[in-house]
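Fit chain L to the given chain G structure using the hints.
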Amino acid sequence: MTTIIANNKVSEFVSSIANENLPCWEKFSESRKKAKEILTQLDFPTTRNEYWKYSRVTKIARETYHFKNLSEEKIDLDEVRIPDLETYEIVFINGFISLVNSNLPSSDELEIVAFSDSKSHDYDSCFSKNLDSITNIFSALNTAYFTDGVLIKAKGEFAKPIHIIHYSTGENIISQPRNMFVSTTNSSLTILKSSINNNTNKFFQNSVNEFFLEKNSKLNFYVIQDYKKGMNVMTTNVVNQERDSVFSAYNYTIKGDWIRNNTNVFVNGKNCETNLFGAYQPTGSEHIDNHTIVDHLAAHCESNEHYKGTIADKATGVFNGKVFVRKDSQKINAFQSNNNVLLSDEATMNSKPELEIYADDVKCSHGSTSGQLDDEAVFYLQSRGLSKKSATALLIGAFLGEVVEKIEIPELKEKVLELYGME
Amino acid sequence: MISIKNLHASIGEKEILRGINLEVKAGEVHAIMGPNGSGKSTLSAVLAGNENYEITEGSVDYIGEDLLELSTEERARKGIFLAFQYPIEIPGVSNMNFLRTAINETREAKGEEPMAAKEFLARVKEKSALVELDASLLKRYVNEGFSGGEKKRNEIFQMAMLDPKLAILDETDSGLDIDALKIVSHGVNKLKSKDNATIVITHYQRLLDHIVPDFVHVLYKGRIVKSGGKELALELEEKGYDWIKEEVNA
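Protein chains in written order, with numbering that gives the first Met the number 0: chain G, 0 to 422; chain L, 0 to 249.
Okay, chain G solo, but in the shape it has when bound (with noise of 0.2 Å):
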């Protein structure tokens, strides 16, 4: 069943949130203008549209919300924090900046500004460039209504991970954070994502980051996906490659009402990899989507992408990778995996690996497997005295720790484990 939503949608969900107050961004002005005036054409999809032909936004748009900043509260972090590892902190409470709650560096290898920061950077006019804001109203919406952001830049191997915690609470209220990471020429940088939701309800949650990876950088994005009940989260992460960077992204999500991630990945240099690796696991009724794009503007680069996932009772888990090679971008290794195991009978995963590719030197492959538990190797468990309970755990565990593995910090790989539950 499609739902069709009436234009006047749009602007009855823009009009709640449009007059409250948000700071002025007075360099982004033009941006935000550009971003109304598209959301006055857009509509939300429906499941019609190819994009969205698994997830509905309904539930979202039929609601109205309001801005709730929050950001002088002290909060305790500690359910996200990573024992043994030390990081920075940057807290967003409902999409606001929370300075008494963050833990920011002071290093002249990085540079951090805060968006409200009237003072203009070089990388202001990169604002909002390849993201998909003509197309997607979630990254319009954004883009004209967000609540806050940084700019994180780093200039050398800066080791020590950058942990951005967001913070959630409350009914009916919408949060946007905003950021763009940059790492500059032979500089490297690591960021970790992470979120903590208290006594949600009908929260939305509709972050944008943008990536900047100049020459020879090295770029990794952590993200945990952990919610509690009453989230609808939408991301969208736009990324930007020169010539010889490495971009790792890693997207681990625990649990989640509704859940929608998209990744575009544009490699305009030559010599770079990209990798891109994700987890889920929904239960329940929950709805887990993952889309990507990997669009090979230049020749000789490499990308890998493996996503995995179980889905159990009536969930959904949704995979769509598209991988573009163009027209001159020869030698191009590109692969992408999803794999899937159906935990029940009633569970569905929708999945969708797509190559397109113009260049005639190139070597790709792209795969989607989706099947049960080997019911054998259960019985083998079983038959040295593990309950089926731990056997489906332990299976389970080995199939999904493939993409855990990838984790390149220690620490955080323990914690990813102990989150999926299997230590």
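For the record, the hints were derived by calculation from the structure and aren't laboratory data. Possibly wrong hints are sitting among the right ones.
[To be verified] Below are the BS3-like pairs computed for lysine-lysine, each with C-alpha atoms no more than 25 Å apart in a straight line:
{"id": "1", "chain 1": "G", "residue 1": "351", "chain 2": "G", "residue 2": "313"}
{"id": "2", "chain 1": "G", "residue 1": "387", "chain 2": "L", "residue 2": "77"}
{"id": "3", "chain 1": "L", "residue 1": "150", "chain 2": "G", "residue 2": "387"}
{"id": "4", "chain 1": "L", "residue 1": "150", "chain 2": "L", "residue 2": "191"}
{"id": "5", "chain 1": "L", "residue 1": "24", "chain 2": "G", "residue 2": "387"}
{"id": "6", "chain 1": "G", "residue 1": "388", "chain 2": "L", "residue 2": "77"}
{"id": "7", "chain 1": "L", "residue 1": "191", "chain 2": "G", "residue 2": "387"}
{"id": "8", "chain 1": "L", "residue 1": "191", "chain 2": "L", "residue 2": "24"}
{"id": "9", "chain 1": "G", "residue 1": "412", "chain 2": "G", "residue 2": "254"}
Chain L only, in chain G's frame:
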């Protein structure tokens, strides 16, 4: 230890076991031989609790309990061990992690504390030496990429670690060269005691040169059609199974 009476089992519509009677006492080694398709592997799977088979008639008493009422893991925890003819490869699960979980869940079911790491490692060292299993294989994923011989040795290693009361070896000799056969048999013999029992399922007599049975049974068309001492195995080796088939069919 185990008393099987008139056991019938089917898979789908097909009846494979058609009235098995077998009594095994502590300290005994029983060999079950028979031509292909006679139901040997079905018997071992049924005793281990494989749910693909439906028990249609009969009873199995195991140390005073109704075995057929127990789940696979309960049987294992009460001391039944099946060495698989085709051990399963489980990528992503390390041998050590798997064994530690198996041992500790068994102990937990008995109300015992988990085995201390030091004790576990000492036991691993001792038992792996018994079947000459290379330490590097222990750290690898369960059976993944193991040779046929390594898989069988891993089965006997697991058996040694779990110390069962009743071990059922399903065609443990298949796919083994003579050296591996000796190592595996040596392991099994070392584990034998007056308190445990072994059922050796095999097509060929050669394994029985190394693991000497007290009784030999011939399974044919889902029934035990002949029983005897170890000399029966030699007779089968010499004359094949045809004379048995003729006797039964006559």
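Taking the hints in turn, this is what the structure says about them:
no., hint, in the structure
1, G:351 - G:313, "holds (20 Å)"
2, G:387 - L:77, "holds (16 Å)"
3, L:150 - G:387, "holds (23 Å)"
4, L:150 - L:191, "holds (21 Å)"
5, L:24 - G:387, "violated (30 Å)"
6, G:388 - L:77, "holds (18 Å)"
7, L:191 - G:387, "violated (29 Å)"
8, L:191 - L:24, "holds (13 Å)"
9, G:412 - G:254, "holds (17 Å)"
Figure legend: structure checked against the earlier numbered hints; hints not met, in rising order: 5 and 7.
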